[in-house]
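Position chain B against the provided structure of chain A, taking the given hints into account.
So the protein lines, in turn, are chains A and B. Residue numbering for the first sequence follows UniProt numbering, beginning at 1 and increasing consecutively. Residue numbering for the second sequence follows UniProt numbering, beginning at 1 and increasing consecutively.
Simulated from the structure, these hints should not be mistaken for laboratory data. All C-beta atoms in this analysis are idealised placements derived from N, C-alpha and C, irrespective of residue type, glycine included. Treat the hints with care, since some could be wrong.
Said to hold, decoys possible - Over the 12 Å line for every Cβ pair with chain A, so calculated as not near, a few chain B residues:
1) Glu30
2) Lys46
3) Glu58
4) Val71
5) Gly102
6) Asp184
7) Glu205
8) Asp243
9) Gly273
10) Arg284
11) Gln383
12) Arg456
13) Thr461
14) Ala475
15) Pro513
16) Asp579
Stated by the list, open to error - Here are the simulated BS3-like pairs of lysine-lysine, each with C-alpha atoms no more than 30 Å apart in a straight line:
17) Lys15/B <-> Lys546/B
18) Lys78/A <-> Lys67/A
19) Lys320/A <-> Lys15/B
20) Lys489/B <-> Lys489/A
21) Lys492/B <-> Lys492/A
Protein chains: 2
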Amino acid sequence: MSYQAPVKDMLFCMKELAGLADVARLPGFEEAGEETAQAVLEECAKLNEGVVAPLNVEGDRNPSFWKDGQVTTTPGFKEAFRQFAEGGWQGLQHPTDFGGQGLPKTIGAACIEMINSANLSFALCPLLTDGAIEALLTAGTPEQQQTYIPRMISGEWTGTMNLTEPQAGSDLALVRTRAEPQPDGSYRIFGTKIFITYGEHDMAENIVHLVLARVNGAPEGVKGISLFIVPKFMVKPDGSLGDRNDVHCVSIEHKLGIKASPTAVLQFGDHGGAVGYLVGQENRGLEYMFIMMNAARYAVGIQGIAVAERAYQQAVAYAKERIQSRPVDGSMPGRAPIIHHPDVRRMLMTMRAYTEGCRAMAITAAAAYDAAHAHPDAEVRKQNQAFYEFMVPLVKGYSTEMSLEVTSLGVQVHGGMGFIEETGAAQHYRDSKILTIYEGTTAIQANDLVGRKTARDGGQTAKAIAGQIEATEAALARRDSVAARAMLKRLKAAREAFVQVVDFMVGQAKGNPNAAFAGSVPYLMLAGNLIAGWQLARALLVAEDKLAAGEDTAFMQAKIATARFYAEHILAKVPGQRDAIVEGADSVTALAPDAF
Amino acid sequence: MSYQAPVKDMLFCMKELAGLADVARLPGFEEAGEETAQAVLEECAKLNEGVVAPLNVEGDRNPSFWKDGQVTTTPGFKEAFRQFAEGGWQGLQHPTDFGGQGLPKTIGAACIEMINSANLSFALCPLLTDGAIEALLTAGTPEQQQTYIPRMISGEWTGTMNLTEPQAGSDLALVRTRAEPQPDGSYRIFGTKIFITYGEHDMAENIVHLVLARVNGAPEGVKGISLFIVPKFMVKPDGSLGDRNDVHCVSIEHKLGIKASPTAVLQFGDHGGAVGYLVGQENRGLEYMFIMMNAARYAVGIQGIAVAERAYQQAVAYAKERIQSRPVDGSMPGRAPIIHHPDVRRMLMTMRAYTEGCRAMAITAAAAYDAAHAHPDAEVRKQNQAFYEFMVPLVKGYSTEMSLEVTSLGVQVHGGMGFIEETGAAQHYRDSKILTIYEGTTAIQANDLVGRKTARDGGQTAKAIAGQIEATEAALARRDSVAARAMLKRLKAAREAFVQVVDFMVGQAKGNPNAAFAGSVPYLMLAGNLIAGWQLARALLVAEDKLAAGEDTAFMQAKIATARFYAEHILAKVPGQRDAIVEGADSVTALAPDAF
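Isolated chain A, as found in the complex:
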């Protein structure tokens, strides 16, 4: 099944919703205007449609495999990665000083969506490398940055994040991997890390592992964790590769999905100790890792959108082709392609509305990230930073949860054929299930949303967003179209429900944390429903104007129809979600653990 990058919708989101023109006015992004965006997206589409996407099914059927400590990736991956690297795609959002392109996240987000639509398993390698680059940019010494970053940007080397251990998953305080200081200033690392994505592979010359470990005598818990660089091959002063370091892949996992992405168990120090280099200061490792993780969380959210888009395209193609039964409205005399049946349309519209809503949300968040980093005015930076931080758990949590529903509908549209692996729809269903788990489960995202993003500032950021939504409502109220009226009704009810839930969270988080956290994931889902819907409401306003001006009629009509569907079928869920959170907290924990 082929993939066609939704370049037009991506550009619409950037230009009309995320304010690409404003982004291009930020210092450093002067080149990042509409023309650049279009050129980059078209080039990116070419690579991903032509080279990366065709390897997706192949990766599922012929996954990475482990033998004697070596991992061989799916045939074609190595060559595709070479093309990816040569095209400069790894450096898209990284500083030009290190060989990157220095483009804003507003544009980068769309490129990340494309590579993930093309091939989730393949895209994970660059995704993790991005995170490693980010961490070194933040906390590495100039020498470390010079040694590692240019070679990661060029694709000669790749990066990994080593957090999880068998006893330490969501709870990183339990990390046991230890680091022994050496007289030369380096460390020796000992321990076992699991679930290490691309922890071993054959697509690059070297792998730069970033590893959480405890220095001997460090405090217990998260305050005693440091971050280390542990290269697979030692790097000589001239930058050439030296001896093999003492980190070895002892196995890879047999997984439900993303089978081509090797998930490694790494053993550090079985032969005397793996050489590691401290990044930043001792005991501040978690802080640095969170920088990396926040970038990765946003990117995983994009993965949700990406797999949803791919599943949607495949379902549409099948629904247009598969002929079965007469339309119920008698509009066709004979049997029709199933896209003519209302329930198939409902499924496709649901898939489409979720995907477009989340894309609009993610790209808008990306623009806030860019402003938070590059805007000359400190106050503007601060506001954008707060908005972006509020959005990260939503982009990650909501877009991935919705991808489960969308990929499930994708199978359903195919009927019995969807259950046959050959068809390919089932792969998306299997692949997507990791997205709500890795880089922090949905519950971890929701805890972040409730605690750090809502309760900590007394709901201020959340209420500011509600205020912006009210402004959109006011604009809708000035329209008299059926679509605008439908959107206004649902958006207003949803925004009011959101504010009630925010008040509930602020009120309960300290005094009655069980009540707040019983509703944390429902709150995340409610907020995601609302904010993705809000972006589609903004899209609807733009589309009505463009339509009136006779611009790109078909696209604008489709955008309006999709926004209205979202309002009536997805935003309509919000008041019920509010009731469950605000009135249903007690029943979540009423049954005692030993009564299960």
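Using the frame of chain A, we list chain B on its own:
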């Protein structure tokens, strides 16, 4: 992961909700009282827990395989099937005249749940055989019944349903398999059938295929389809097996789940024609097949409950064992099993509430089936038949849709371990996905609910159910517990929403079918939410009484807590579902097919 049959909850549903004592007063079921039920369930639990359940993982890792037309099932399946047959389980609900046990469906439903919890793939063989027996009981000649039914009940032979062809899935009018009459009164069958569950296997001596085909010159469409018996081996007059018939398995499918269940492509008549025997009258095949299919649809609904129960048990076990992070309420000084975290509890309660609600709904429906068949009063039979028929699409559609959510949560509770196939949680997620598809997709169930079950009688049956729910509301209103008040609030709102949707469906089905069928699946989900919740409301009333009487305190407290959770978190969705159906119909089909 072991399985423990929820015998206690099953007996509670039978006795307190489905009126087992009344069932045991029906002619023919005099032995089917509480004691029998308990004894049967305990015996059934023993076989399924001890013999069938341990083969579930094995079946996934070592699926059925095809070689040279033969299918070899998973090691252990053949022996387990022998034990199943020898225990008399295939005949549980079938007439004693043919060697069955003649037990009511009220008891049988629980046994079917157990075998499916133990092993969905294994259970499909008896499930299809049940359907074949049902069809022959309805439409077979006495001779056909004598030839085939006793041997199917004894487990010597098994049965299949042959409906689907590559071009004829949901749309059976497109069936092309043809039947040529022979001078001896038999037919020769020619064609290809796909997706035939246990269409070929090594667990029994013979396979009785029931096949839809067109007799030469029959009318087009569904009115020209006849039903035939096509045995794998010819049966001699003395009942012994003769020559191999001309039906051959040319391949089996590579599927997302239920891998141990062979899904066959069957080729009829490649070597001169498969010998077939007409069942009933020519051109009435679909009618007979629907009898079989209705039994199978109900059973597939039970499969949804069964896989949900198994996923729930596995998630609870993991949540009690996996230690990670401190409880947010400070209730434990150190790290706790994750069941102490509110969001894990929310997930487990959701899984539990759906499963118990659907079980209560299904067993109550089974009791209506029994009364519809065995009650001496024709009017009572008629009412119960109408109720049962209304329930079939809900038991099938709603219980299977909820199983997707429950098995997904089951993976989620396991975090990263859930994505590793070794853990076993992912198997339930994969296995369950077929349930919303086979024996009629959820959309097909929903069409049935809207058309035949709601619009045809002008909403009469639906409103009668709403009336019964009102009676439950009145009983709740006489209680002053927090749980009863919470349930009353949500049940009343949900019932009112249901009635509005019923009126909408009755009003639109003819004049504006697109609007009705755009909301058909949401209506099915709404009705399922409501009716499963209603049964838990009834359970809550019983449990409060029993609790007051000091009976089985822990069980009754848990039932009340589960019912209240259901009300506050699942019933609370219903008004939003109503809005989407009643106000959102137009936006489902607003985007034209070629605009996708």
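>> Check the structure against each numbered hint from earlier and tell me which ones fail, lowest number first.
In response: 15, 16, 19
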